[in-house]
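Q: Modelling step: build the complete structure from the supplied sequences, incorporating the hints.
Going by the numbering used here, the letters in the sequence shown line up with residues 1 to 124, in that order.
For the record, the hints were derived by calculation from the structure and aren't laboratory data.
Honestly, I wouldn't trust all of these hints.
Calculated pairs, SDA-like style, for lysine to any residue (alpha carbon to alpha carbon, straight line, at most 20 Å) [unchecked claim]:
| id | residue 1 | residue 2 |
| --- | --- | --- |
| 1 | Lys92 | Glu41 |
| 2 | Lys92 | Asp29 |
| 3 | Lys92 | Arg34 |
| 4 | Lys92 | Pro107 |
| 5 | Lys92 | Glu45 |
| 6 | Lys92 | Ile32 |
| 7 | Lys92 | Thr71 |
Since the model is a prediction, treat every value here as computed from it, not as a measurement.
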Amino acid sequence: MSGKRCRGCGRIDGRRPPPFTGKGARLVDAGIQREVRVLWENGIETTESCEGDWRWTPGRGRHSFPEPTITFAGGPAEGFRALGIALQHGLKVVALRRVWTVNDGEPTGPEWEMTFWRPARARR
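A: Here it is in structure tokens:
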């Protein structure tokens, strides 16, 4: 990713830096890195990602989602823009959803949620 990085906040061309770069950056699950990178490199700022698994993983607990999922913010058209980007890059999208979560009894959002087919080697 190229562009001008702000020394103060680390943003690149006004966007926060991708989650898979930089010292001390939070890690992206290996099973969803390509999808996150494709969306980031095309201007979609993800807010959460998970390679997905329903089982308990020692030292990590449960995954956030049972299937490979990326969430991102944006207006009504952003989800369709992200879907177009994903399909143009050969990503295997299963679903695109507009989601309102309920926090402390109040609906929060909306936020976009895109889920992907799990690679055959990762299915159990």
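Q: State for each hint whether it applies.
A: Going through the hints against the structure:
1. About 17 Å separates the Cα atoms of Lys92 and Glu41, which keeps this hinted pair within 20 Å; it holds.
2. Between Lys92 and Asp29 the alpha-carbon distance is near 17 Å, which keeps this suggested pair within the 20 Å criterion.
3. Of the pairs offered as hints, the one joining Lys92 and Arg34 holds, with about 11 Å between alpha carbons and a cut-off of 20 Å not exceeded.
4. In summary, the hint linking Lys92 to Pro107 is not supported, as the alpha carbons are separated by about 30 Å, beyond the 20 Å threshold.
5. Proximity of Lys92 to Glu45 is assessed by CA-CA distance (about 19 Å); at most 20 Å being required, the pair is judged to hold.
6. Proximity of Lys92 to Ile32 is assessed by CA-CA distance (about 11 Å); at most 20 Å being required, the pair is judged to hold.
7. With a CA separation close to 16 Å, the supplied pair Lys92 and Thr71 stays within the 20 Å bound.
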